[in-house]
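A.B. asks: Following the hints, complete the assembly by docking chain F onto the known chain B.
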Amino acid sequence: MIGAIRSVLRTGFALIEQPFDRLFGPALNPVAQLGALGFFFFWIVAVSGIYLFIFFNTGIERAYQSVEYITRDHWFHAGVMRSFHRYASDLMVVMVAVHLLREFAYDRYRGVRWYSWFTGLPIIWLLYVSGITGYWLVWDRLAQYVAIVSSELLDWLPIFGEPIARNFISTGTLTSRFFSLMVFMHVAVPLFLLFIMWVHILRISRPKVNPPRALALMSLVALVAVSIWKPAISQGSVDLAKVPAEVGLDWFFLPIYPLTNIWSNGTVWALLGAFSLMIGLMPWLPPLRRAKPAEVDLAHCNGCARCVEDCPYEAIRLVGRTDNMPFPTQAQVNPSLCVSCGICVGACPSSTPFRRTRDLRTGIDLPEFSLKELREKVVEVAGGLKGSGRVLVLACEHGAAAGRIGDTVVLPCVAMAPPSLIDFILSRDLADGIVVAGCAESACYNRLGIRWTEQRFAAERDPYLRARVPRERIATVWASTLAVSRAEREIADFAARVASLPPKRLRSPLPASAASRPPKTFETEKGSA
Amino acid sequence: MRALRLAGQFAVIVALFAGVAALSDWPTYRQIPGNSGVVMLTFVHGADRRGECRRLTAEEIAKLPPNMRRVQDCPRVRRPIYVELDVDSRNVYQASLPPTGIAGDGPSRVYQRFVLPAGKHNVAVRMRDTARTEGFDHERQESVELSPDQMFVIDYRPESASFVFR
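Just so you know, the protein sequences line up as chains B and F, in that order.
Oh and the first sequence: position 358 is 358 in my numbering, straight run, nothing missing.
To convert, count from 1 in the second sequence and add 1000; that's my numbering.
Extracted from the complex, chain B is given alone in its bound form (with noise of 0.2 Å):
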């Protein structure tokens, strides 16, 4: 059942990404920045609060006043900022749900992903009493409408002596000291919130917490737009002796608010909870079958420290040495954090397919898919390829081309395969190209496996893709499930232009058929390159 509702979930999320691909590119797609934009809306938020703070007035009697006095006498820089508070936080609404579902859609909430999954919980809650604390300070009708059905779900709660709802029920009632309250809530939660943003991700290497710049300066360009055209208004005084009948509701902030009419405030609060719950425990529902996790092989790792650069899980750390070779560290994995994705074999020097062992070992490895595994499935596969182009697809498990036989090595991210691997296919005269076929690019499963895998190829980043690997063999396909046919074509597209290639020259010393040859007894390397 949540199999299915992810299933199609994931659908309709690919079929928004194509076109918000293709308008923004892979690196400006707003869906691809969901968290980053949360981020951004809310120092936008912070920022004009404390503007709006300057001329706010917390006492009960001139809140209303000094929130008109900065709505139209001063519209131009104050107005302008009270529509930034609200239509931001409104958007961070909109960016926090979007987030929530792409990555239950992506199916990246369980496993060791449980952490982020989980601690976004408190982050909807603070989120949301923070939104609805800032309708209760305008104090006009609709802050009525709110303090009035806030305090009387609150009432529900046995935890009041005097029902709070009281306090709005008639003039006189109501004190500032209760307001000032009100203004104290409204900073302090969303400095907790903060304080949970960070903790959300706290277990994420390189998380992104600021949009791509042109991306941040459209979104602030179309906020003034915006708040100039439609302006943020109030609606009229508050009058506690009459019903705030009709309200323009915040959708996004308030939508179980009229529940309340048709429920009783239990219920609510029982749909409340059994929400929490269930995205609470969602992680276990079932929980994620996880391979063994990376281990590390100390005779061949200097603790150099790619793997842990490169990890996007932060499940690798460098530790002091526990063996007695010439190196201070070694690299240390954290079982609990492994999401054995294999980006940290493809990161080790050591992991080189021309090793000459009777085992192939790497300073870093998957117990359940060793790179001499990967080896062997190269050589295999490559058995099988004919013709003139032969063209061999390393393919990540999450992309289009997964689904592929014959003439496909599926890897659980293509960042595992090293660059070595490349050099390793072509010198041997294994295959005449190399697909890398990948999740969707603004979509990458293990959210760094795109971005490390180009810069590899481009000599940007340790392990470098050797400057004596002809580059117009190699191609990469970043295409998600739903773009199968295009992957398809980009590949056959490929065939036929490595098909029409003069011959190759690189050549490897060894000859073609050493890998899957029996292995010889005499190791060529001892440590880590």
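Just so you know, these hints were derived from the structure itself, not from any lab.
Mixed in with the good hints, there may be bad ones.
Unchecked claim - Here are the simulated SDA-like pairs of lysine to any residue, each with C-alpha atoms no more than 25 Å apart in a straight line:
#1 B:Lys208 <-> F:Leu1016
#2 B:Lys242 <-> F:Pro1066
#3 B:Lys208 <-> F:Leu1006
#4 B:Lys372 <-> B:Arg473
#5 B:Lys230 <-> F:Leu1006
#6 B:Lys386 <-> B:Leu501
#7 B:Lys504 <-> B:Phe354
#8 B:Lys242 <-> F:Leu1006
#9 B:Lys242 <-> F:Val1164
#10 B:Lys242 <-> B:Ser66
C.D. replies: Just chain F, lined up with the frame of chain B:
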């Protein structure tokens, strides 16, 4: 071409933001029907204690720790309050309101609202907060003119031991 693409990107973002801005106060929500008002019955009031206070004997007082010695032993638990509300001679609410607090020594509380069509209504409220089982300790009846969207509050003031209509 680049400018066109940029314009397209900006247009999409503006459209999304405009949609969000529109939903920030539209469509409007009406919580009560037009041409109607609300009668709110709400008060916080503690009924009598369930039992009478008993004078402790000299021996009993002597047995108590010196800092906790008292003359009387009074039960903490309060009685529930029984309340009824009639509108236009029709009973719309009756409840026995238990005392609040873990020990049952807090005041009883009520917070109920009734949506009524605007116009003249005969409102009667009655309350029992003592040990009596019949009749009422406090009551008030009045004809009120409810205007559209009006919040008509029925409160109880313990200091004057009377209902307040406002």
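A.B. asks: Does each hint hold? Answer for all of them.
C.D. replies: Here is how each hint holds up against the structure:
| no. | hint | result |
| --- | --- | --- |
| 1 | B:Lys208 <-> F:Leu1016 | holds (22 Å) |
| 2 | B:Lys242 <-> F:Pro1066 | violated (56 Å) |
| 3 | B:Lys208 <-> F:Leu1006 | holds (23 Å) |
| 4 | B:Lys372 <-> B:Arg473 | holds (24 Å) |
| 5 | B:Lys230 <-> F:Leu1006 | holds (23 Å) |
| 6 | B:Lys386 <-> B:Leu501 | holds (16 Å) |
| 7 | B:Lys504 <-> B:Phe354 | holds (19 Å) |
| 8 | B:Lys242 <-> F:Leu1006 | violated (50 Å) |
| 9 | B:Lys242 <-> F:Val1164 | holds (17 Å) |
| 10 | B:Lys242 <-> B:Ser66 | holds (22 Å) |
Checked against the numbered hints above, the structure breaks hints 2 and 8 and satisfies the rest.
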